[in-house]
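Student: Protein chains in written order, with UniProt numbering: chain A, 1 to 598; chain B, 1 to 598.
These aren't lab readings, by the way, just hints derived from the structure by calculation.
Worth double-checking, as some hints may not be accurate.
Heads up, the list lumps identical chains together, so a pair's fine if it works in one copy or across two of them.
Straight-line Cα separation of at most 30 Å, BS3-like style, residue types lysine-lysine; simulated pairs [said to hold, decoys possible]: (1) 335 x 84; (2) 331 x 554; (3) 546 x 190; (4) 492 x 469; (5) 376 x 147; (6) 331 x 512; (7) 153 x 80; (8) 80 x 512; (9) 225 x 512.
In this text the structure is predicted, and so the values were computed from the model without any measurement.
Protein chains: 2
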Amino acid sequence: MPVFKAPVDDTLFILNDVLGYERYMNLPGFADASPDIVEAVLQEGARIAEEVMLPLNQVGDQEGCVRHDDASVTTPKGFKEAYKQYCEGGWLGLAASPEYGGQGLPYTLHTAVSEYMISANLSLLMYPGLTQGAVAAIAEHGTDEQKNKFLPKMIEGKWTGTMNLTEPHCGTDLGLLRTKAVPQGDGSYKISGQKIFISAGEHDMSDNIIHLVLARIEGAPEGVKGISLFIVPKIMVGDDGSLGDRNPVSCGSLEEKMGIHGNATCVMNYDEATGYLIGKENAGLKAMFVMMNEARLGVGLQGQAMGEIAYQNAVAYARERLQGRSLSGAKFPDKKADPIIVHPDVRRTLMTIRAFNEAGRAFMLWTALKSDIAHKSDVEADVQEADDLLNLVTPVVKGVLTDKGFDHAVMAQQMFGGHGYIEEWGMSQYVRDARIAMIYEGANGIQALDLVGRKLGQNGGRAVMAFFKEVGDFCEENRNNEELTLYTKGLKKGLNDLQASTMWLMQNAMAKPDNAGAASTDYMHLFGLVTLGYMWALMAKAAVEKRAAGANGKEEFLAAKLLVGKFYMERIMPETALRKTRIETGAETMMELAEEAF
Amino acid sequence: MPVFKAPVDDTLFILNDVLGYERYMNLPGFADASPDIVEAVLQEGARIAEEVMLPLNQVGDQEGCVRHDDASVTTPKGFKEAYKQYCEGGWLGLAASPEYGGQGLPYTLHTAVSEYMISANLSLLMYPGLTQGAVAAIAEHGTDEQKNKFLPKMIEGKWTGTMNLTEPHCGTDLGLLRTKAVPQGDGSYKISGQKIFISAGEHDMSDNIIHLVLARIEGAPEGVKGISLFIVPKIMVGDDGSLGDRNPVSCGSLEEKMGIHGNATCVMNYDEATGYLIGKENAGLKAMFVMMNEARLGVGLQGQAMGEIAYQNAVAYARERLQGRSLSGAKFPDKKADPIIVHPDVRRTLMTIRAFNEAGRAFMLWTALKSDIAHKSDVEADVQEADDLLNLVTPVVKGVLTDKGFDHAVMAQQMFGGHGYIEEWGMSQYVRDARIAMIYEGANGIQALDLVGRKLGQNGGRAVMAFFKEVGDFCEENRNNEELTLYTKGLKKGLNDLQASTMWLMQNAMAKPDNAGAASTDYMHLFGLVTLGYMWALMAKAAVEKRAAGANGKEEFLAAKLLVGKFYMERIMPETALRKTRIETGAETMMELAEEAF
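Looking at chain A on its own, in the form it has when it is part of the complex (with noise of 0.2 Å):
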């Protein structure tokens, strides 16, 4: 049975002593989460994630989700209930603005939270997640009468919502789309086509399911520009919100998945079923990026969760084997055999994933943040600033903490040997869950791509240079602590290496555009390596700063924070030289093979 504990100290060490949480207490909703209710909400929060959702983990795997010969589908034994307790928890709407029935509480608090449930089942919070995503795309593009319609159900949780961007012959390039809307005369208009991997497209716990679908509306130009955004109902909704009809909306099959077993992923049907526009005329794409920014952020923080209790099970297993001996002689000579844990190739894997795990937390947590204030601040310049470095990372979240999350997962599961290969030991199920991350919401390499091709240069390259400067900033007014020049040095290297490969790009990428895509994935890969070294470096100054303080019988904490900090110093940064000499090749060797010669 695979164990889980909510790593609730490190999100408040992160929250409080890293982030300065406090700090924000003017932007609204923050008021609300003072400290201690943080701590009382990451706290019941991990103990639904540990009690309720932990247990049904396997089974979700096991069971799958079965559709049924009238196209409905049941999710697995324990789910529905589970989902309820959620719901009337108040999580869904934990961060939702009050109007609506939510709580109004920071996006960051979400996020802290969510990681815990991710970790102990990614497939049943996939259900809120799409209806989150839903909420935000509604709340930001709908009309009064919208809102008023659907968010109020979709918060308390009794509907749910879904995403229906992919068709068969189209994923990457919407473009393509054939989905088409025919306008009735009177605001609604018919829906016409086929759509497939629609999470939670169908399924059991909720009363009604908000499809959000891009359809092109008969005589819209062709490709991207043609492309709006419509509400279809499972069931009709009347003016007084009362269910009415069926509509003509269905689960064609269910996908045989790797994993995620637990989640519906549906082909759907819509056959001249009924929608409502959502925000303009062919600008469905925009306002479908409402939904697909915050996402992404929530993908990103799938991978981090993954790579957490993959963490936690093998850190617990190589505690519990006992085979062999230390190669610095018997640590136990009472047992058989030493436990694992004494190997340093085992500590080292450990130490890898642990190294991503803490710093991706931070990051996950220092973006949500920036979330909060591009949302909620009255301060102009905090919000551009915030609302920069949000745009500018949301790739890099994505694609590396989901990269980092699989990988993680896979060595995780390489510490249980024969054991990781067997379903029951549930180190199988981390790894197949985890790869999706990296597909679906634009898979990686489209991350990559949005990172170099669009987010580098908007504004002339603000965002990015706001964010050298200020973690060059950071190295330079901390370079006389010696406690922290470990830290520094290491992050300040790491810098140089993604300044000159932006650099590179700007000098060779503008006029051959290749070269930007095939420094891409490298480029993505080394902007983690220097913002999670930059979180390294925050904590490790906030862990110096609170040990000097008095660390309050926390002094272990500080001791590992700052010791795996180092590992990711001595170890993982040195990363980011390979990956700008990578970058620096250019795009030549690979563009000059021809296609058949592949």
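Could you slot chain B onto chain A? The hints should help.
Tutor: Same frame as chain A, now just chain B:
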């Protein structure tokens, strides 16, 4: 439906042009493998792989094996018939001794052709693969009586073999094993105990199963010094070779695994089953290592083979999938979109996989040739040199090719976007199947320790010094060849990093073995990078020479070869510096963290 075309041309290029296979015609069996025979064998092996085995691969994954109430096991539909074809074609005994019915052809040829079949159907090939290992152990350590009794039937494929090492509480540390053997006074033993993870432990493809079982003779010393190896037939065999009673050994259950569903992975229960000692009392581990070393090469080949089929399917998809436009302007303006192979990031991915596949193939065949020389040459110096190198690189073949085979299956899967996550498309299976190769026959961390802790220092480092000299000499001899500068420079730089890291280990790991453990995995991959880089340099030289001698319609093949080698030197070889940096960090940080602080 997944595609696969066996890379016969590439194999021939490696055998004929790179390794100069014809130079070894004086070795037994090699004369029978003249160039035209080799080509015919490869073509026929390719046909069986493509036409017989490939169509059963997904079936095997979906159906899996079934254990019935009587403890019998049924393999997936079609497996039995395909196995029969394989045996009737003489493939099982291709390289086995003619004395017992084998064809006595080179192991190198067996390796070449096995790659194709493993690509096509890993699970199916495991059945004969384990038999070949058991044949090797009996041939080396069995009595004449045992050889005569078991080998002909096994080489014919009528009986299959297994390796029984792992028990629930021990895998890596076999010294802990508990299965016991009680002498019966008539030369036989009663074997009792439970073995787990036994591939092909029970199935319906052969008339009998010959289990090789590690057990402890009553009263034997504790630890590895008290382990003996036994032959335990599923069905007793009379002196005349006739089948008799059922031996009390049976499959208790099948493991539910992440992949290789077509292979029966059994829990085997031995209840006073009759067994026969093979080799000497208490020398079982040594006898088993004959099997294990060959099996490790076979598992390395599995990594290689998975990388190849994953690559081919990713290329096919990248050519067909229309999505988006080239960054440098539409390449197929008449189509709705360009195929994704126009994108640099897709090409970077594909070329990365291919650069390892082609070098991996050369490395496999180079190693197999060493094995042939070591086993067949009558020139003592040649035997010693070949045996040294074979021993040295076995953990590198196993550890590096399987780590990379898995990574590359994941990268190939990524090319498919969402479709890669859907089982129907087949990419998930390659990932799930490839995962096991990193684990079994000694998890890759154990391979790394074997390399650093045992192989490096053997005979005063004679093998590694010989290898460094061979690679260094190659660089030196070809340094003035301008067409090869790119390759020799890259290789030399990698070699320098490897030599420096080896020196660091000699200076730092003798007194502090934890430094060896902390370096082991990075060192193994550093070794792999240089070895594969050496293969690229050899291939580049062969390509340049062949081109100069008149390419005879192979111009495109040779041009692509040189280009992919260039890619390896530009993008992959620089990783040696990172590995060196990590190695030189030492064990201190990872050992400092208290066990309870993980």
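Student: Hints first: check each against the structure and report whether it holds.
Tutor: Tested hints:
no.: 1; hint: 335 x 84; result: neither (47 Å within a copy, 49 Å between copies)
no.: 2; hint: 331 x 554; result: within (27 Å within a copy, 60 Å between copies)
no.: 3; hint: 546 x 190; result: neither (61 Å within a copy, 65 Å between copies)
no.: 4; hint: 492 x 469; result: within (12 Å within a copy, 39 Å between copies)
no.: 5; hint: 376 x 147; result: within (19 Å within a copy, 80 Å between copies)
no.: 6; hint: 331 x 512; result: between (58 Å within a copy, 15 Å between copies)
no.: 7; hint: 153 x 80; result: within (17 Å within a copy, 57 Å between copies)
no.: 8; hint: 80 x 512; result: neither (53 Å within a copy, 55 Å between copies)
no.: 9; hint: 225 x 512; result: within (26 Å within a copy, 65 Å between copies)
Of the numbered hints given earlier, the model fails hints 1, 3, 8; all others are met.
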